Every structure is written in structure tokens, then in C-alpha cells.
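Q: Each chain, written out:
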Amino acid sequence: MGIISFILIGSSLVFPAVAVWALWWAGRNGQLSHSDKAALLPFDEQEPVGRMTDVVLNRPRALVSGSGRISS
Amino acid sequence: MSTPASPSVMSALSPRDTAESRDRRAELAEIDESTSGTVLLFFLAGMAWLLIGTLFALIASYKLHSPEFLNQYAWLTFGRIRTAHLNAVIFGFSAEVAVGVVLWLMCRLCRVPLMAQSVINAAAIFWNVGLVIGIGGILRGDTTGIEYLELPKYATPILFVAFALIAVWTIVVFRFRRERHLYVSQWYILAAVLWFPWLYSTAQLLLVLEPARGTVQAAVNWWFGHNVLGLWFTPIGLAAIYYFLPKVIGRPIHSYYLSVLGFWTLALFYNWNGFHHLVGGPFPAWMITISIVASVMMVIPVVSTAINHHFTMVGHFGKLKYSPTLRFIVFGAVSYTISSLQGVLSSVRWFSEVAHFTHHTVAHAHWGMYAFFTMTMFGSMYYILPRITQREWPSERLISLHFWCTALGIILYVVPLSYGGWLQGKAMLNATTPFLEVVQGTLPWLKIRTVSGLLLALGHVAFFANLIWLLARRFGPYRQPEPMILAGVTPAAPVGK
Numbered sequence: 001m002g003i004i005s006f007i008l009i010g011s012s013l014v015f016p017a018v019a020v021w022a023l024w025w026a027g028r029n030g031q032l033s034h035s036d037k038a039a040l041l042p043f044d045e046q047e048p049v050g051r052m053t054d055v056v057l058n059r060p061r062a063l064v065s066g067s068g069r070i071s072s
Numbered sequence: 001m002s003t004p005a006s007p008s009v010m011s012a013l014s015p016r017d018t019a020e021s022r023d024r025r026a027e028l029a030e031i032d033e034s035t036s037g038t039v040l041l042f043f044l045a046g047m048a049w050l051l052i053g054t055l056f057a058l059i060a061s062y063k064l065h066s067p068e069f070l071n072q073y074a075w076l077t078f079g080r081i082r083t084a085h086l087n088a089v090i091f092g093f094s095a096e097v098a099v100g101v102v103l104w105l106m107c108r109l110c111r112v113p114l115m116a117q118s119v120i121n122a123a124a125i126f127w128n129v130g131l132v133i134g135i136g137g138i139l140r141g142d143t144t145g146i147e148y149l150e151l152p153k154y155a156t157p158i159l160f161v162a163f164a165l166i167a168v169w170t171i172v173v174f175r176f177r178r179e180r181h182l183y184v185s186q187w188y189i190l191a192a193v194l195w196f197p198w199l200y201s202t203a204q205l206l207l208v209l210e211p212a213r214g215t216v217q218a219a220v221n222w223w224f225g226h227n228v229l230g231l232w233f234t235p236i237g238l239a240a241i242y243y244f245l246p247k248v249i250g251r252p253i254h255s256y257y258l259s260v261l262g263f264w265t266l267a268l269f270y271n272w273n274g275f276h277h278l279v280g281g282p283f284p285a286w287m288i289t290i291s292i293v294a295s296v297m298m299v300i301p302v303v304s305t306a307i308n309h310h311f312t313m314v315g316h317f318g319k320l321k322y323s324p325t326l327r328f329i330v331f332g333a334v335s336y337t338i339s340s341l342q343g344v345l346s347s348v349r350w351f352s353e354v355a356h357f358t359h360h361t362v363a364h365a366h367w368g369m370y371a372f373f374t375m376t377m378f379g380s381m382y383y384i385l386p387r388i389t390q391r392e393w394p395s396e397r398l399i400s401l402h403f404w405c406t407a408l409g410i411i412l413y414v415v416p417l418s419y420g421g422w423l424q425g426k427a428m429l430n431a432t433t434p435f436l437e438v439v440q441g442t443l444p445w446l447k448i449r450t451v452s453g454l455l456l457a458l459g460h461v462a463f464f465a466n467l468i469w470l471l472a473r474r475f476g477p478y479r480q481p482e483p484m485i486l487a488g489v490t491p492a493a494p495v496g497k
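In the order they appear, the protein sequences are chains A and B. Just so you know, we're using this note's numbering here: the first sequence kicks off at 1 and counts up by one. Just so you know, we're using this note's numbering here: the second sequence kicks off at 1 and counts up by one.
It should be emphasised that the hints constitute simulated quantities derived from the structure, not laboratory data. Just so we're clear, the structure is a prediction, and the values are computed from it rather than from any experiment. Heads up, the beta-carbon is just placed ideally off N, CA and C, and yes, glycines get one too. Errors might be hidden in some of the hints.
[As the list claims (entries may be wrong)] What the simulated footprint calls covered on chain B by chain A, stretch by stretch (three residues with Cβ under 8 Å from a Cβ of chain A suffice, anywhere in the stretch; the number is not a length):
id, segment
1, 204-217
2, 245-251
3, 312-323
4, 392-405
5, 418-431
[Claimed, not checked] Computed list of chain B residues with no C-beta within reach of chain A, every gap over 10 Å:
id, residue
6, 27
7, 28
8, 125
9, 182
10, 184
11, 190
12, 299
13, 383
14, 444
15, 464
16, 468
17, 473
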């Protein structure tokens with residue numbers, strides 16, 4: 001039980017410590033600020049804001065581009 | 001922005017990494033192509049487990065109201081088949097599809113092609129070998145008897161190695177990301193891949209390898225049982241919703257601050273929730289009270305997430321008509337709110353004293369794991385698969401059949417069983433009611449459950465058929481010479497707003 005106790009106590013200290021470090025790191029690196037910029041991260045010039053990227057059902061023909069490729 | 005990276009390490013991890021590519025963010029098509037083989041491996045293995053798990057579920061459900069069914073076979077008795085179902089859908093389908101979604105999302109949000117492919121493929125193989133051995137062991141009668149940890153102890157080290165590889169891979173991708181800022185989905189994913197090995201290894205050590213006794217055993221069991229849902233599947237489900245909801249409708253998340261608040265409050269409060277399953281049990285009352293307080297505090301992340309999702313969708317509900325991803329994701333997001341708030345209610349003593357140890361708890365678990373998580377994973381697969389195969393979904397009818405069978409099926413499962421479970425709990429608290437009468441009173445609800453299971457099974461078969469058809473278009477003998485028309489629309493197109 002000695003080794004197991006060591007592992008359990010160690011991990012129960014290490015994981016919360018990692019969580020605290022992650023919060024500290026996030027604050028220090030600006031991850032908790034610039035929220036307007038962060039909200040835009042799923043978008044880019046290929047798939048910009050304002051563009052619906054999943055039109056599969058009931059598709060109006062006029063909205064379909066003719067490039068023959070998925071939008072990515 | 002790029003992050004500093006060691007070229008030699010990067011080159012070793014990713015054959016596509018070159019001096020030229022290192023400083024630029026990868027193109028989406030390049031990322032999708034790089035993830036194709038590995039993500040498909042996880043998705044196909046997950047789907048195979050879903051079909052197997054669904055068959056096990058139907059047998060187990062039917063046995064609940066017709067116990068003589070297939071009772072001549074030891075390996076198909078209720079105790080084994082129900083346990084095999086749970087492990088096939090939790091660690092087979094849910095975990096593997098979740099990892100596939102995590103791989104794709106991390107590469108896209110970190111703006112890197114898939115690196116260290118052999119490591120992650122090895123993890124997939126290890127995971128499935130472990131599961132085949134483990135679920136085979138359960139059917140042979142080798143279960144540990146501990147909820148959510150039933151896999152025999154000769155199988156679990158293989159799963160642990162597989163998951164350790166996945167966790168290391170995720171951290172490596174994060175380290176070599178080419179987008180400096182993190183999106184909230186990455187927070188959820190990174191936390192989930194760190195939480196799960198911790199939960200799993202601690203629970204294995206304390207419950208299976210060197211079992212603790214008495215109160216500690218119950219505490220660890222429910223610490224693990226509740227957290228494997230809340231700190232592993234829930235963060236990945238929320239990561240997917242936070243990515244696909246804005247992405248599909250083309251609108252940023254309503255409030256990024258709320259999303260970060262939701263993440264950190266979930267991280268702070270969820271870990272304490274599990275002991276509320278022991279209300280009324282031989283367990284220290286103060287520990288249960290702390291757990292109930294933490295469970296009620298979960299209102300903060302749940303409501304902040306619900307507000308965020310709702311206000312992101314406002315004005316865009318018309319787009320549900322066009323996007324299968326959006327249908328499943330919105331269904332999942334709404335179910336997250338409902339099942340979480342129901343979970344808060346279930347933690348309170350007066351409610352729990354009636355509802356726990358009844359079918360009400362089973363209904364609640366399916367609300368979370370199916371209506372929220374599984375539907376969210378289906379939605380994610382609808383988005384990812386056409387992009388990694390460069391082919392569109394072949395059949396709109398099969399998509400609609402899949403959605404309506406699973407949506408109506410899970411509602412038919414959860415609502416009657418929740419009510420029936422509540423009646424069961426009230427009857428069990430009445431000392432004048434014979435126990436056999438209580439059991440007989442559950443039969444109508446259990447029969448409805450079997451009907452709902454058939455609906456869910458039909459939906460799964462429809463999805464699998466569409467998936468195989470999609471792959472046949474890409475790889476099979478009837479492959480199309482050119483990809484079909486694309487799924488996206490031009491920026492100016494006013495779709496369904």
C-alpha cells in the first residue's frame with residue numbers, strides 16, 4: 001500500500017497544482033483578456049463570420065457554390 | 001501568431017512539418033486531410049461499438065419486463081449483458097468518438113496538421129484491444145461489480161496506456177500550436193484529457209487493485225462514477241458545442257467571458273458532486289452536504305452556458321432547416337441544460353430520498369449521456385466526416401431518419417422512465433406496499449423503454465448505413481470520380497435567418 005499511497009497523495013497534489021498553474025498561466029499570457037479576439041478563433045478568411053458552413057438539408061440550389069469541394 | 005517550436009522535434013512528430021510551413025497557420029483543408037485516417041479509425045471503431053452496445057441494450061431492456069428471454073445462455077444474463085452494454089457505449093462508442101472529435105478540433109484550433117500519427121493510431125489499437133478483452137471478460141462473468149469500472153483488471157492497464165498516449169499527444173499538439181490564443185473549446189479539451197487519466201488511475205488503484213474498505217470505497221466509487229461523466233464526457237461535449245454552434249451559423253459566441261466563467265466554475269464545483277448519490281446511505285452526512293452544496297453551485301456554469309448558447313442562436317433558428325450538425329448540436333445543448341438542472345434537483349435530499357435507487361436515475365443518466373453527449377457527438381460527426389473524406393452525405397432521408405428516431409427515441413425513453421421511476425420511489429417508501437407490487441408497477445414504463453430502444457436502434461442503423469455509403473463514395477468500388485457539390489454557402493447568402 002506504500003507505493004499506492006505515495007501515488008495517490010502525489011497525484012492529488014499535482015493535479016490541483018496544475019489547475020492553479022493553468023489559471024496563473026492563462027492570466028499571465030492574456031488568455032483571459034482579448035475576449036473579442038478569442039471568440040473569433042473558429043473563423044478565418046476561408047470560413048469568415050457571416051458564412052454558414054453546413055448546408056446539407058433542404059438545400060436551395062441558388063446557395064450552392066459550384067466548386068465541387070467541401071467548403072474547407 | 002506562431003509559438004516558438006523546436007524544428008527537430010516538430011519534424012520528428014509531423015512529416016508535413018517543413019521550415020516553410022512552421023511559421024504559418026495550416027490551411028483548413030490541409031488539417032482535415034492530415035486527420036482523415038486517424039479520425040476515421042476512431043469514428044468507425046466507435047460506431048461498431050455503438051451497434052454492438054445497442055444490441056446489448058435491447059436485450060437487457062427486453063429482459064427487464066420479460067426475464068425469461070434468452071435466459072438459457074449464461075453470457076446473456078441481465079447482469080452481464082447490461083454491464084457489457086454500458087461499457088460498450090461508454091468506453092467504446094462515446095470515448096472513441098470523443099477522441100476523434102478532440103483530435104480534429106485540436107488540430108483545427110491549434111492550426112497544425114495531425115502530428116505523431118503513429119502514436120495516436122497505436123492508442124486507438126490499444127484502446128480497442130483492451131475493450132475487446134474487457135467486454136469479452138464481462139460476458140464471461142469477469143466483472144468487478146463496481147459501477148462504471150466493471151471491466152476486469154487484466155484489461156484496464158491496456159486502456160490506461162492508450163489514454164495516456166492520447167493525453168500526451170494532446171499536450172504535444174498544444175505545445176506546438178501555431179495559434180497563440182486559446183479558444184474555450186481547447187480549455188475544455190485540455191482539462192478533460194488531464195482529468196480522465198487521473199480519475200481512472202485513482203479509481204483503479206483504490207477500488208480494483210488495492211480496494212479501500214467501507215466508506216472510502218463508496219466515496220471513491222461515486223467520485224469516479226459522477227466525474228467520469230462530468231469531467232470527461234461533459235467538457236468534450238461542451239467543447240464541441242462551443243465550436244460547432246458558432247461555426248455552423250457563422251456567428252461568434254454571444255459572450256466569450258461567460259464561456260470562460262462556465263469552464264472555470266465547472267472545474268471548481270463538479271469534482272465535489274459525486275457523493276450526492278449516497279443520500280440516505282451509510283455515509284457521513286457532512287460529506288453528502290458538501291456534495292449537495294457543490295451540486296447546487298453547478299447552476300452557475302450550467303446557466304451561464306445555457307444563456308450563452310441561446311443568445312448565440314437567437315435569430316438563427318431558421319438554419320436548423322439546413323444543417324444536420326446544428327440540429328443535433330442544438331438538441332444536445334438544450335439537453336445539457338435540462339439534464340444538468342435535473343441533476344441539481346436530484347442532488348437535494350428530499351428529492352433524492354424518493355428518486356435514487358429507482359429507474360429515475362437511469363433516465364437521468366441517459367438524458368446526460370445520450371440526449372446531451374451522444375447527440376452532440378452525432379452532430380460533430382456530421383460536420384467532420386464530409387470534410388475529412390471530401391464527400392457529402394449521400395442521403396438526406398437517412399439523416400432525417402437518424403435525427404427523428406434518436407430525438408424522439410430518447411424523449412420517449414427519458415420522460416416516461418423519469419415519471420415511472422418517481423412513482424417507483426414513492427411506492428418503495430410506502431411500507432404498506434408489497435415489494436412485488438412495486439416491481440410490477442414499473443412494467444409499463446420498462447416496456448415503453450424497450451420501444452424507445454427500438455427507435456434509437458433504427459436511428460443508429462440509419463446513421464451507420466449513411467456512413468458506409470459515404471465511405472463507399474470515397475474508397476469503395478463505386479467511388480465517385482469527383483467530389484460532390486460543397487456543403488458551404490457563399491458569404492452573402494442569407495440562409496434561413
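Q: Indicate, hint by hint, whether the structure satisfies it.
A: We went through each hint and held it up to the structure:
1. 204-217: With 4 residues in contact (Cβ-Cβ under 8 Å with chain A), the coverage given for the segment 204-217 of chain B holds.
2. 245-251: Result for this restraint: holds, n = 6.
3. 312-323: Coverage by chain A holds for the segment 312-323 of chain B (4 residues, Cβ < 8 Å).
4. 392-405: holds (count 5)
5. 418-431: violated (count 0)
6. 27: 7 Å, violated
7. 28: Violated, since 4 Å does not exceed 10 Å.
8. 125: 27 Å, holds
9. 182: 5 Å, violated
10. 184: Given a closest Cβ separation of 7 Å, the condition is violated.
11. 190: 8 Å, violated
12. 299: 21 Å, holds
13. 383: Answer for residue 383 (chain B): violated, closest chain A Cβ roughly 6 Å.
14. 444: Correct as stated: the minimum Cβ-Cβ distance to chain A is 36 Å, above 10 Å.
15. 464: It holds; residue 464 (chain B) is separated from chain A by about 18 Å at its closest Cβ, greater than 10 Å.
16. 468: The assertion about residue 468 (chain B) holds, with a minimum of 18 Å to chain A.
17. 473: 13 Å, holds
Violated hints for the displayed structure, listed by number in ascending order: 5, 6, 7, 9, 10, 11 and 13.
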